[in-house]
Amino acid sequence: MNKNIFILTHGDTGAFETGSVPFEVRIPLNGHGKKAVKKKAEVYPGLLVADHSNAKIGDMHSGITGVVTEVTEKHVVIKAQELAPAADGEDPKPTGVEPVALAGLEGDELRAALKGLGVDIRPLIRRCDLLVINALNPEPGITYAESMLVHAKSTVNAGLEMLKRLSPASRTVVALPSASTAAFDGTDIAFINPQYPNSLDELVVASITGKESMKGVNVVDLHTLYNLGAVAESGMPLTHTVVCVEGRNIVAPIGTPVGALLKEASIEVADGDSVIMGGPMRGEATGDLNKGIAKDTKAVFVVPAGVFQPVSDHACFSCGACVQHCPSRILPNMISRYVEFNEIDFCRQENIGACIECGLCTFYCPARRPMLQFIRLGKHKIALEEAQVAACALQVDE
Amino acid sequence: MAKKSLSTAPFLTVASAPHMHCGTSIKGMMSTILLALLPAVIGAVYWYGMEAIRVMALSIATAVIVEALCSKIMEKEVRVDDYHAVVTGLLFAFILPAGAEWWLVVSGSAVTMVLGKMLWGNFGGAPISAVAVGWAFCIVSWPVYINVDATMLNTTLVNPLTQLRYFGVESVADASMYNLFIGDQLGALGAVQVGALLLGGLILLARRVITWEIPVATIAAVLITGGIYYAIDPEMYANPLFHLFTGSTMLSIFFLLTDFTSTPNTRGGKILFGLMAGFLIILIRTYGQYPDGVLFAVLLANMITPLCDMIKPKPFGAR
Numbered sequence: 008m009n010k011n012i013f014i015l016t017h018g019d020t021g022a023f024e025t026g027s028v029p030f031e032v033r034i035p036l037n038g039h040g041k042k043a044v045k046k047k048a049e050v051y052p053g054l055l056v057a058d059h060s061n062a063k064i065g066d067m068h069s070g071i072t073g074v075v076t077e078v079t080e081k082h083v084v085i086k087a088q089e090l091a092p093a094a095d096g097e098d099p100k101p102t103g104v105e106p107v108a109l110a111g112l113e114g115d116e117l118r119a120a121l122k123g124l125g126v127d128i129r130p131l132i133r134r135c136d137l138l139v140i141n142a143l144n145p146e147p148g149i150t151y152a153e154s155m156l157v158h159a160k161s162t163v164n165a166g167l168e169m170l171k172r173l174s175p176a177s178r179t180v181v182a183l184p185s186a187s188t189a190a191f192d193g194t195d196i197a198f199i200n201p202q203y204p205n206s207l208d209e210l211v212v213a214s215i216t217g218k219e220s221m222k223g224v225n226v227v228d229l230h231t232l233y234n235l236g237a238v239a240e241s242g243m244p245l246t247h248t249v250v251c252v253e254g255r256n257i258v259a260p261i262g263t264p265v266g267a268l269l270k271e272a273s274i275e276v277a278d279g280d281s282v283i284m285g286g287p288m289r290g291e292a293t294g295d296l297n298k299g300i301a302k303d304t305k306a307v308f309v310v311p312a313g314v315f316q317p318v319s320d321h322a323c324f325s326c327g328a329c330v331q332h333c334p335s336r337i338l339p340n341m342i343s344r345y346v347e348f349n350e351i352d353f354c355r356q357e358n359i360g361a362c363i364e365c366g367l368c369t370f371y372c373p374a375r376r377p378m379l380q381f382i383r384l385g386k387h388k389i390a391l392e393e394a395q396v397a398a399c400a401l402q403v404d405e
Numbered sequence: 064m065a066k067k068s069l070s071t072a073p074f075l076t077v078a079s080a081p082h083m084h085c086g087t088s089i090k091g092m093m094s095t096i097l098l099a100l101l102p103a104v105i106g107a108v109y110w111y112g113m114e115a116i117r118v119m120a121l122s123i124a125t126a127v128i129v130e131a132l133c134s135k136i137m138e139k140e141v142r143v144d145d146y147h148a149v150v151t152g153l154l155f156a157f158i159l160p161a162g163a164e165w166w167l168v169v170s171g172s173a174v175t176m177v178l179g180k181m182l183w184g185n186f187g188g189a190p191i192s193a194v195a196v197g198w199a200f201c202i203v204s205w206p207v208y209i210n211v212d213a214t215m216l217n218t219t220l221v222n223p224l225t226q227l228r229y230f231g232v233e234s235v236a237d238a239s240m241y242n243l244f245i246g247d248q249l250g251a252l253g254a255v256q257v258g259a260l261l262l263g264g265l266i267l268l269a270r271r272v273i274t275w276e277i278p279v280a281t282i283a284a285v286l287i288t289g290g291i292y293y294a295i296d297p298e299m300y301a302n303p304l305f306h307l308f309t310g311s312t313m314l315s316i317f318f319l320l321t322d323f324t325s326t327p328n329t330r331g332g333k334i335l336f337g338l339m340a341g342f343l344i345i346l347i348r349t350y351g352q353y354p355d356g357v358l359f360a361v362l363l364a365n366m367i368t369p370l371c372d373m374i375k376p377k378p379f380g381a382r
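First to last, the protein sequences are chains A and B.
The working numbering applies: residue 8 is where the first sequence begins, and numbers increase by one.
The working numbering applies: residue 64 is where the second sequence begins, and numbers increase by one.
Keep in mind that the hints were calculated from the coordinates and are not lab data.
Warning: the hint list may mix true and false statements.
[As the list claims (entries may be wrong)] Simulated restraints, written as ranges between beta carbons of each label pair:
1. A/Asp352 <-> B/Ser239: 56 to 64 Å
2. B/Val143 <-> A/Gln316: 16 to 24 Å
3. B/Asp296 <-> A/Ser185: 53 to 61 Å
4. A/Asp352 <-> B/Val143: 35 to 43 Å
5. B/Ala283 <-> A/Ser319: 35 to 43 Å
6. A/Arg355 <-> B/Asp296: 48 to 56 Å
7. B/Gly351 <-> A/Phe353: 51 to 59 Å
8. A/Asn349 <-> B/Thr218: 54 to 62 Å
9. B/Pro376 <-> A/Val403: 34 to 42 Å
10. B/Tyr353 <-> A/Asn349: 40 to 48 Å
11. A/Ala312 <-> B/Ser239: 57 to 65 Å
Every residue gets a Cβ at the ideal spot worked out from N, C-alpha and C, and that includes glycine.
Could you build the full structure based on these sequences and the hints that come with them?
Dropping the structure here:
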């Protein structure tokens, strides 16, 4: 396999397709404590489904018309169906929500309104001096970025305007793939060599500022900006997002089962295949085709069984391929061994924290060791240990 | 429950990210190394005939059987199908004279696998080059039987290294570099196929099984150190190219010093390692007791691998 698969520019792939209405949506919840709907409730597009107690995490809304069939901690399932007409003597049932006028709002009011419309504002209002819009396709195989800058430019612009109102940054830079012709009024542009892993936030910032530090910089990716723009443009709740299904960009209701999306793109899934939510390098494999897409699901991929060797428990034989390709200039071979033997202090010594989790070490490992998984495990163990130490320190203080 | 229209939901495989792979495998790398060794095998057969085939076949068979047996005894998965033992056995045969006794080949190859590989655990545990271990074992135990000049009496080929050692530099002054390059010299059966090994090394570089740092640094060090001696007194010391084209130098540069497990991984470390190895090759040849001490240089260079690995770039964010 050659290096061309890491090229992140695919040209304009046309306007986004609008998917057909799925038979059900499975709206994923992330600690949304207050469910606004009960089982058997009738819902319509834009209706609030679940509320989050944190003022910086967006609420969830239904994207389709239907009936709630299941409410759990993890998700709300809505079955698509026509609602029964209103009985005689009742008011006609509502079919949609009124848009919120965002233009006149400022500060806390604006934030509260956006939260109510389903926008996660925590990553948008982070304290920073420099705001970077990462407008590259995040991972190999994902194709929405360039089309978005052409066919959904007004949405992106609206998102950018809104983001500038929200963010405390004094300067905004849009990172574009080199040779891109997109222009933004009143915003600086930086060109990035469109080759994975250059699209990762840390490397984009390093390329723009020349410093390998995220201090005082906030990065917002194009997908988030698009979602924000959709809300800012219409004043309607965030119910749809764009998902790249094996290269085809489909606008789908949030919560659409991945199986329905794959069917939409006429991709067959057989026993033993992997279905990946997110990019092929950093995404997560799901075991359930009914799992609904989240607001930030950028892509869905299918890896047929047998295309790649499965990971093995083979010992590292120090071929050095990971060291050679690591953009963080750390030694993944040693770190993965230390994690295997639970030598957490040595992991720290080898700067495990500098890993930006691009996945190239695993990609190049001839022994098929799950390097990225080892590194994530090591980071997790370090975090646990630090939490324990902090807890002990608190006890001593008391 | 919602009516499931995806009734025949397939069983999906879940795995950790990333979900792509470049397609390399240990078996693939070993196959490439075997391919790269093929020209030297042909050269060995051309110069030494069936004797060379006998030694190579015996060594490979022993290495494979010993690895399988050891894996069984150690209750580990038998992984001889990755061709790793084949490569090790063939490389060990390459440093033996074509006239080596069968018991020398068998015991040497077995020691190579046991002491050089299996005792260290999984493939990847050995801190030293297995082939050099096997060679050191043999040359200390049976110095006569592994001596090329003692075992290859019925040949017209001349061993340039013993000439240099015992008859001085004027005896090799008229040695043609071209003849040395095509393998027209007496020596270990594969190691002296200099041109073929160089071709194999280029194949490895092109297929990215090895990187350029160690070969380039070693060649540079051999030429520079050899050049210094040559500049001091051409009447006493041989031409640096002579060192590059004789004995096991070329084999070591492309196949032993670039062995995965026993060499550094960082770029700086690799370069220092290569320079050290090249320096040691000339030093051992100039002052050592053995005419061709390249494999001792390999062993000694392996010793500094952990130190070389301490030369690493600053991680992301620390610059």
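Hints not upheld, ascending by number: 7
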